[in-house]
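Peer 1: Chain residues, written in single-letter form:
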Amino acid sequence: MKAPTAACLPPSEGESAVCITPTKNPPTHLKKNPQVPTLMTVQPVPEWCRQAGVMAPNQYMASRFEACGNWEYTLRVTQTQNGVTTVTGVMEFTVTGFHYGSQNLPTVAHQVTIIPSSMTGTAVGTTAVGTASCSTNCTNGTTSFGTQVLQTGQAASGEFFYNTTATAAGSVGATGSTWNLTLKAPTSSAASTLTSVSAAVRCDTAVPGISSTGCVVPGITPYINYDGATWGGFGAHVKAAQLSGLPGALGGLPLHRLTDTALRDANRAKACPTSLPRPAGYSCDEYPFASTIEGAYTGGGTARTLPWCQVALQGTPSTGPTGYSVCMIDANTNSAAGSVLNSALFVPKRVINGDAFNVHIS
Amino acid sequence: MIISGVYAPRAAEQAVELVVEPVPAADPVVALQASRAGGTQQPFRTTLFHTGISSGPISMTVNVLDAPPEPALEEWEDVHEVSASLPAGRAAAGGPMEELTALGAIEDDESGDYRIRVSAAGRDRAPDLVTATVVEHYLVQLWPESVSPPRVLSAVSEQGKYWAARLA
Numbered sequence: 001m002k003a004p005t006a007a008c009l010p011p012s013e014g015e016s017a018v019c020i021t022p023t024k025n026p027p028t029h030l031k032k033n034p035q036v037p038t039l040m041t042v043q044p045v046p047e048w049c050r051q052a053g054v055m056a057p058n059q060y061m062a063s064r065f066e067a068c069g070n071w072e073y074t075l076r077v078t079q080t081q082n083g084v085t086t087v088t089g090v091m092e093f094t095v096t097g098f099h100y101g102s103q104n105l106p107t108v109a110h111q112v113t114i115i116p117s118s119m120t121g122t123a124v125g126t127t128a129v130g131t132a133s134c135s136t137n138c139t140n141g142t143t144s145f146g147t148q149v150l151q152t153g154q155a156a157s158g159e160f161f162y163n164t165t166a167t168a169a170g171s172v173g174a175t176g177s178t179w180n181l182t183l184k185a186p187t188s189s190a191a192s193t194l195t196s197v198s199a200a201v202r203c204d205t206a207v208p209g210i211s212s213t214g215c216v217v218p219g220i221t222p223y224i225n226y227d228g229a230t231w232g233g234f235g236a237h238v239k240a241a242q243l244s245g246l247p248g249a250l251g252g253l254p255l256h257r258l259t260d261t262a263l264r265d266a267n268r269a270k271a272c273p274t275s276l277p278r279p280a281g282y283s284c285d286e287y288p289f290a291s292t293i294e295g296a297y298t299g300g301g302t303a304r305t306l307p308w309c310q311v312a313l314q315g316t317p318s319t320g321p322t323g324y325s326v327c328m329i330d331a332n333t334n335s336a337a338g339s340v341l342n343s344a345l346f347v348p349k350r351v352i353n354g355d356a357f358n359v360h361i362s
Numbered sequence: 363m364i365i366s367g368v369y370a371p372r373a374a375e376q377a378v379e380l381v382v383e384p385v386p387a388a389d390p391v392v393a394l395q396a397s398r399a400g401g402t403q404q405p406f407r408t409t410l411f412h413t414g415i416s417s418g419p420i421s422m423t424v425n426v427l428d429a430p431p432e433p434a435l436e437e438w439e440d441v442h443e444v445s446a447s448l449p450a451g452r453a454a455a456g457g458p459m460e461e462l463t464a465l466g467a468i469e470d471d472e473s474g475d476y477r478i479r480v481s482a483a484g485r486d487r488a489p490d491l492v493t494a495t496v497v498e499h500y501l502v503q504l505w506p507e508s509v510s511p512p513r514v515l516s517a518v519s520e521q522g523k524y525w526a527a528r529l530a
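Going down the list, the protein sequences come from chains A and B.
With my numbering applied, the first sequence closes on residue 362, and no number is skipped along the way.
With my numbering applied, the second sequence closes on residue 530, and no number is skipped along the way.
Some hints could be false.
Stated by the list, open to error - Covered by chain A, per the in silico footprint, the following chain B stretches (three or more residues, Cβ under 8 Å):
1. 366-380
2. 402-408
Said to hold, decoys possible - Facing chain B, from chain A, some residues (calculated, C-beta under 7 Å):
3. 43
4. 105
5. 210
6. 265
7. 278
8. 333
9. 335
Hints listed in this document are in silico derivations from the structure and should not be mistaken for laboratory results.
Since the model is a prediction, treat every value here as computed from it, not as a measurement.
From the three backbone atoms N, C-alpha and C, an ideal C-beta is built for every residue, glycine too.
Take these sequences, add in the hints, and give me the full structure.
Peer 2: Right under this line is the structure:
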């Protein structure tokens with residue numbers, strides 16, 4: 001989530017102005033936020049967001065469906081008289097922005113919280129009011145941030161909901177939301193506005209096999225974990241293939257989903273052609289998966305295998321990051337692994353065509 | 363209820379699954395906030411049957427019945443029965459990761475325990491291969507019945523014997 005921004009101009013003669021700047025050196029120790037009161041629909045900020053403490057501007061923490069940030073600001077009320085500008089009041093405060101979507105809903109929530117940690121002089125009694133709007137491919141829902149008088153240690157919150165318009169089957173829509181918070185000190189005629197922009201959000205109705213719409217934080221790459229002890233030959237093949245340089249391992253270059261049926265069939269047919277005999281009870285396993293852009297046909301390169309795979313390859317085996325690995329593994333395990341890739345990763349994390357993901361064998 | 367008829371789903375990963383997706387929430391804002399507390403319910407998913415082919419089109423005739431039909435073993439190679447507790451929602455069938463073929467809506471009063479008999483033919487024609495045309499045929503018969511263990515009535519093809527031995 002981008003840090004709020006505000007313009008700061010010195011007040012005119014005789015005038016008072018309000019100016020907000022990011023606190024230059026946010027404290028490194030964890031800030032414990034006061035309890036966020038349950039104002040109607042405002043949800044408690046997740047523990048992992050509180051634990052993250054204060055972040056640098058433009059920094060946020062996120063998971064596949066949520067993003068959260070805490071930023072510290074200083075508001076100064078100034079007065080200019082006889083050509084001299086003095087600070088008459090100071091408010092130190094934290095802004096927390098938290099937005100979340102769902103695996104199977106077209107709606108996103110974006111809530112914002114202001115908590116002053118100190119208020120002095122003419123900053124006492126500063127009020128806050130907020131409006132919010134969504135960016136693209138969306139329609140605005142309800143906003144609730146009526147004018148609130150800020151008090152030290154107390155949370156002033158607002159919530160905003162919006163809906164994606166990417167609800168037709170196959171549609172994808174980049175979106176996001178912005179809060180505009182207006183802070184006004186009682187003695188000042190002027191007010192200052194903070195703008196708090198969400199992390200990028202992506203809504204889609206483009207996950208094969210389900211008809212729901214859902215919204216993710218696309219900057220987060222999801223992964224699936226297969227327990228090595230349970231997944232036998234499948235786990236061993238994937239692990240060895242990744243160790244040989246092929247992409248997809250956790251911490252390395254990801255794989256990217258491919259949904260085009262003809263291309264997936266081509267990937268499968270190249271890696272596991274009719275010419276490779278399948279021993280009884282075994283089926284052909286390929287890595288990178290046929291359902292990825294890195295697969296045998298779309299990813300290019302040549303085959304490689306392992307001594308225990310019961311695969312006889314022609315020509316020189318490939319090495320490094322380009323190519324594909326082929327292995328005969330237990331047919332039941334192979335089928336189940338593909339089913340789980342879909343039901344534990346592609347569907348719940350909304351991995352659509354082109355989305356990155358990693359595969360980990362533990 | 364699931365609509366009887368002839369369907370052409372795509373198999374993948376040597377499987378065809380039955381998926382039932384819940385009806386979308388009436389109030390998405392309320393549902394979104396509820397999702398914070400309890401997490402999101404996944405669609406119901408079960409393996410309807412395994413195929414010989416790795417992936418490709420198959421022919422599937424679905425018959426929704428009131429009572430168990432007489433088995434017609436001589437017409438098919440492999441026949442087995444499983445039970446499933448079907449929830450209400452939108453039913454569809456197809457292989458993992460595929461676009462699914464819609465089968466109809468299961469209403470609230472139609473949800474419950476069903477017995478499913480699957481009859482298959484052609485599973486040894488292109489085992490573990492990608493096919494462009496239909497080489498395997500299936501008959502899926504379902505009727506209301508309390509849950510009981512899987513039962514193999516016939517296993518003639520090599521693929522049929524392999525999958526029959528591994529029925530959950």
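Peer 1: Checking against the hints above, which ones are violated?
Peer 2: Of the numbered hints, just 8 does not hold.
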